[in-house]
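Trainee: Protein chains in written order, with the numbering used here: chain A, 69 to 302; chain Y, 349 to 1090.
No lab work stands behind these hints: they were computed from the structure.
Just so it is clear, CB atoms sit at the ideal spot from N, CA and C, and this is done for glycine as well.
Careful, some of the hints might be misleading.
[Stated by the list, open to error] Covered stretches of chain A (in silico footprint by chain Y; criterion: 3 or more residues with CB under 8 Å from a CB of chain Y, positions within the stretch not fixed): (1) 96-102; (2) 127-133; (3) 181-190; (4) 270-279.
[Stated by the list, open to error] If the Cβ cut is set under 7 Å, some of the chain A residues that face chain Y in the computed set are: (5) T115; (6) A118; (7) V121; (8) L123; (9) A178; (10) P194; (11) S198; (12) T282; (13) A283; (14) V285; (15) E286; (16) L288.
[To be verified] Cβ pair distances, simulated, as ranges: (17) A:Y174 to Y:H965: 21 to 31 Å; (18) A:Y95 to Y:G1073: 27 to 37 Å; (19) A:L296 to Y:A995: 43 to 53 Å; (20) A:R104 to Y:D780: 27 to 37 Å.
So you can see what is in the structure, the chains are spelled out below.
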Amino acid sequence: MNLAGLTPLDLAGMITGFLFTLLVFTYILGDNPLFRLTIYIFIGVATGFAAVVALYNVIWNQLIMPLYQNPGLSSYLLVPPLVLGIWLLTKSSARTSRWGNPVMAYLVGAGAATAIGGAVLGTIFPQVGSTANLFDLRAIPSSSSASVAFLLRGGAILVGTVVTLLFFQFGVRMGADQIPRRPAWLDILAKVGMVFIAITFGVFFAGVYATALTALVERLRFLLDTILMFVPLR
Amino acid sequence: MADIRCPMCSKPNPEDAEVCQYCQARLKPLVVSSASGPGGSIPPKKPPVSPAKAEHDSALPDWLDRIRSEDENVTEPEEAEAGSAFQPEEAIYGDDKPQPVGKAESSDLPDWLASLGASGTITEPPSEEEKKPAELPAEKNEDEPDWLERIRARQETEGNEPPLGVFITDIPSEPVSSENTHLPNWISSLPEQESAPPPFHEETPVQSTEQPDWLSRLDTGPSPEPGVQPFSNEPEMPDWLSRLSGQEAGGLPEPTQVEPLDARSYQQQPGEEIPDWLSKLESSSAEKDQLPALPALILNDETEDHDILKTEAPAAEGTPDLNALPDWIFNVTAEEPSAGGPSSAEAESEAGLEPAQLPSWLEAMRPIEAAAPLVSSQEDLSAAVEKGGPLAGLRGVLPIDPNISRLRKPSAYSIKLQVPEDQQALVKRLEDLIATEADARSQPRKQSISSQSLLRMFVAIVLFLGILAPMLYDRMYTDQKLLELPGVERITKDISDTNFSLGTLPVGAPVLLAFDYQPGVSAEIEAASAAILDQLISRAAFLTMVSTKPTGPVLGERVLQGINSKRASPYTNYTNLGFIPGGESGLIGFAERPRQVMPYNLKSQEAWSSGPPAGIHKISDFSLVLVFTENSETARSWIEQVQPFLAAQKRPLIMVVSAQVEPLIRPYYEANPKQVNGMVAGLAGGAAYESLTGHPSVARDYWDAFGGGMMAASILILAGMLIYGGIGLFSPVKRAEGEAAK
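Isolated chain A, as found in the complex (with noise of 0.2 Å):
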């Protein structure tokens, strides 16, 4: 990258950006106004954007366009949402708010059916389906070695799955010294199940690390790519 090839709508572009990096890297030596005001430029920015793309990407396009400049049968299908859509301003509002009602209740209930839809046919049954597969006997490997991995692995699945409900199980009995505790195998049982937890956890916290530390493997990149284009190192 080299100053000759940007346009200038390039270079204000990069500057800007360059900028706004420094902005937030001062949340370093903690919280700051230049800081905060970054994080409201960028809120501005975004909700900006998702209106822009809102009213040009959907209305216009989808719905006003379509209605314009085909105006056939197929049109009249648009019709509908275009009713739906004046009629949920209502809901603007407080006088008016109950009218938009019916348009809300529609959304919702359409929303709701084809999340639970999805989700039982799509989540439940699949997933509850290959669970039970991995214990299935004519799906095991040939090769010893291949099926005792199998084997385990599935019986890992398994019991990793039951410890780890049984850690969030907190019954308990009195014992004998009046002292409420929980049974001991299933004290045992929970202790297993953290384990698991715990490494569920690390895993998360690995890839969350991750994430970030490519994102700021990134920024760092943007600035020092953008101070050696102003001051190269040969």
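Dock chain Y against the given chain A, drawing on the hints supplied.
Mentor: Chain Y alone, transformed into the frame defined by chain A:
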């Protein structure tokens, strides 16, 4: 037609109405006969008898009925004359000059009563015109008691004031009628109210020839005119009335000293209980040449002259002085009080007298002191006269407690809340808190550099060094790399499956790209997807970009621009359909009908009219669907809503996800049957894919710095474990707690 205003309730009534529609008061007084004297009874006007009225009249006592029947026999011309001459309005709002009774019309009052109240005083000598005897009814009622007849006869002959009017001093000289507001209501409403009690006796039959005590006393005065039956034989006249009659006949002298009548004196007569108001009326002087305008009974302590027993005009000669004390008062001697009522001796003193039975309503009017027998003695007579109140003029009432009667200003009690000291201290503390609430507190000076800020800066420096060092090394030594990309042995099955799916694509196949990630993770997603996009472009796939996020289309354009910036010629074999609204509902709609949901691209051009998109009618027409996301919910939505449509046509669904959601999406990849056919997670997955394809890209550029950052983080975590673990083990506090536990 002008309305007549009712004198009682002041409500308008039709002109021709006889009685008020609201209060049943008489609007037009009865016609007064020409024979009525100054104190004569006002001949009642014959009212039209209506069925309701007839029923009303049937419930009246017999004596009242007899009186009314007498009135009905009054000649019509006289009634008409009287009726036309009298206007209710005039009676109320007309001249205030007192008018003789005889000239006015009255309601259905008995003659004796009407004659009493007509003048207000019996001392006024009746004029010649007023001396017209009261016209007797055409038909004499046989049931009329003889005493009443005698009274009427005497009125006719003498033309005197009705003897029975002595005690009525509060009645003005205006004609007695129901419209006269000066009359007590019980008098004016006598003939009209069903519940109006009989004047004196309610139970004693009028047919009895026995003269009541009060009437016989009235007879003790001048001898009655011949033909006039003395009153002594009247059975039902109360004692007080008889006395008044006697006084009237005898021409009571002008009282020189106004003494209030002792209510007890009236009780001395057997069965005769004079109401207090009557006693007051009797003692007041009423003999005047002219009928004075007597004031109404003022029951007010502030009234100076509230002694109603005082007389204002001398009694006319020959006329009974209603305001004068009767003689019998002075003859009253003190008697021992008895609980039962009048003593038997008093009863014996009056021969032929029967104890009068006052009606309940009259009994209730008496003051308690009058009902309860008190010790009568001369001392009571000389006792102080009550100056004010309803008992004004009476003597010997129960003395008021000096402390009560002593008028003094009520003591002022402080309404200030008495707050104890401890409560006052709390109040003051609360007030101080409120007062200082608005004051700006001086903030404690913050330490410019704290341990937390030092630790934060230290970690940042370490990370920056771990990242920048490899970068600078790469800039300085472009041919050498610090870290190598993951080898083939480290390539996982998900990456190889992804490579397999992309490798089996036909050339120019339509591929759907979903850029559903936030701009903050664009670095990681771009690093993970760079090699995949390069592979797609190398296979000349037609790229169709969509997004369920508003920022997705712009990110897609950014990715393509980055790719084109490295190419000699820009890649244009793509279309950007833009943002799919509606979330999951919009996603499933696009999966079923992509042309209807997204008819135009981001440049407002028809997206499905030409080129590879022309053959696409449903989502399964795409050869491959590639989803770039960092959100597990977004990935799950694509899997649940779109994957069933792809699975039907065995189209692969590839996920390029961030490293933080890889554990959540992996179950979908490892499911059997697979719901995700391939997955590339994070920078490491992108680096592995680049290593697999042999085309280093963005991931290669970040790999060294990424490795340095990972190394720095690992060192920091390890150092932290050692430091804080050792501190925890060898901390004095921990040691003390451990020893205490032991």
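Trainee: Give a verdict on every hint.
Mentor: Outcome of the hint check:
no., hint, in the structure
1, 96-102, "holds (count 3)"
2, 127-133, "holds (count 4)"
3, 181-190, "holds (count 6)"
4, 270-279, "holds (count 8)"
5, T115, "violated (10 Å)"
6, A118, "holds (4 Å)"
7, V121, "holds (4 Å)"
8, L123, "violated (11 Å)"
9, A178, "holds (5 Å)"
10, P194, "holds (5 Å)"
11, S198, "holds (4 Å)"
12, T282, "holds (4 Å)"
13, A283, "holds (5 Å)"
14, V285, "holds (4 Å)"
15, E286, "holds (3 Å)"
16, L288, "holds (5 Å)"
17, A:Y174 to Y:H965: 21 to 31 Å, "holds (27 Å)"
18, A:Y95 to Y:G1073: 27 to 37 Å, "holds (29 Å)"
19, A:L296 to Y:A995: 43 to 53 Å, "holds (49 Å)"
20, A:R104 to Y:D780: 27 to 37 Å, "holds (35 Å)"
Figure legend: structure checked against the earlier numbered hints; hints not met, in rising order: 5, 8.
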